[in-house]
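Colleague: Sequence:
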Amino acid sequence: MAPRREIVFTGMSQDPIWHYLRRLGIRPYHDVVSPEHVWRALLSPQSPITRVFNSLLRYAIKDRASEIHIEPRSEGVFVSFRIEGELREQMTVPQYVMAPLLARIKLMGAMDATKEHVPQAGSIKLALLDRLYELQVGTSPTRFGEKVIIHIN
Numbered sequence: 001m002a003p004r005r006e007i008v009f010t011g012m013s014q015d016p017i018w019h020y021l022r023r024l025g026i027r028p029y030h031d032v033v034s035p036e037h038v039w040r041a042l043l044s045p046q047s048p049i050t051r052v053f054n055s056l057l058r059y060a061i062k063d064r065a066s067e068i069h070i071e072p073r074s075e076g077v078f079v080s081f082r083i084e085g086e087l088r089e090q091m092t093v094p095q096y097v098m099a100p101l102l103a104r105i106k107l108m109g110a111m112d113a114t115k116e117h118v119p120q121a122g123s124i125k126l127a128l129l130d131r132l133y134e135l136q137v138g139t140s141p142t143r144f145g146e147k148v149i150i151h152i153n
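In terms of the numbering used here, the sequence shown opens at residue 1 and continues consecutively.
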C-alpha cells in the first residue's frame, strides 16, 4: 500500500470548507478525502454529527422549547432549552463535538463556516417528526468559542 500524500490546496484554497478544516488541523489526503466527501459527511442524514443535531432538535421539540442555546465554556459545551420563558440547562456535550456541530449548523443556515469572530445569522428549514420547522440561527463569539442560539418556529 502506497503512503498517503497530503494534497496541495491549489484551486481549492478559496473553498470555505477546506479553509475551515485546515484551521481545525485536519489535513485531507488525495486518496481519502475530497471536498465532495467533506460536504457529504457534514450534510449527510446518516453522519454522526447530523444525528447529534437532530437529537438535540427532537429533545427540544418534545420539551416544547422555543430556543436551543449551545454555549462553550471552560468546563465543556452546555446545551440549554428555553421552555416557557425560562432558560434551563439540559445537558453537556464533549468539547470535540462543538467544531463539527457548529460547522453543520452554519452550513445548513447558509452562513460562512470560516468566520468565527463575527456574529452571523441564518435560517434552516427542516422536516422533523412529521412537521416542517423553520429555525432561525444566530452565532456570536464568546471567550471560549462561538455560542449558537436556535429559535424554533
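Each hint should be verified, as a subset may be incorrect.
With beta-carbon atoms standing in for the labels, derived distance ranges [unchecked claim]:
1. A121 - R64: 31 to 39 Å
2. E84 - Y133: 27 to 35 Å
3. G85 - Q46: 35 to 43 Å
4. G85 - T114: 33 to 41 Å
5. H117 - V93: 19 to 27 Å
6. Q46 - V118: 28 to 36 Å
Simulated from the structure, these hints should not be mistaken for lab results.
The beta-carbon is built from N, C-alpha and C at its ideal position, and this holds for glycine as well.
Colleague: Hint by hint, say whether it matches the structure.
Modeller: Going through the hints against the structure:
1. A121 - R64: 31 to 39 Å: Violated: the Cβ-Cβ distance is about 24 Å, outside 31 to 39 Å.
2. E84 - Y133: 27 to 35 Å: 19 Å, violated
3. G85 - Q46: 35 to 43 Å: At 36 Å between Cβs, range holds.
4. G85 - T114: 33 to 41 Å: This hint holds: roughly 35 Å between Cβ atoms.
5. H117 - V93: 19 to 27 Å: 22 Å, holds
6. Q46 - V118: 28 to 36 Å: 32 Å, holds
Taken one by one, the earlier hints fail for this structure at numbers 1 and 2, listed in ascending order.
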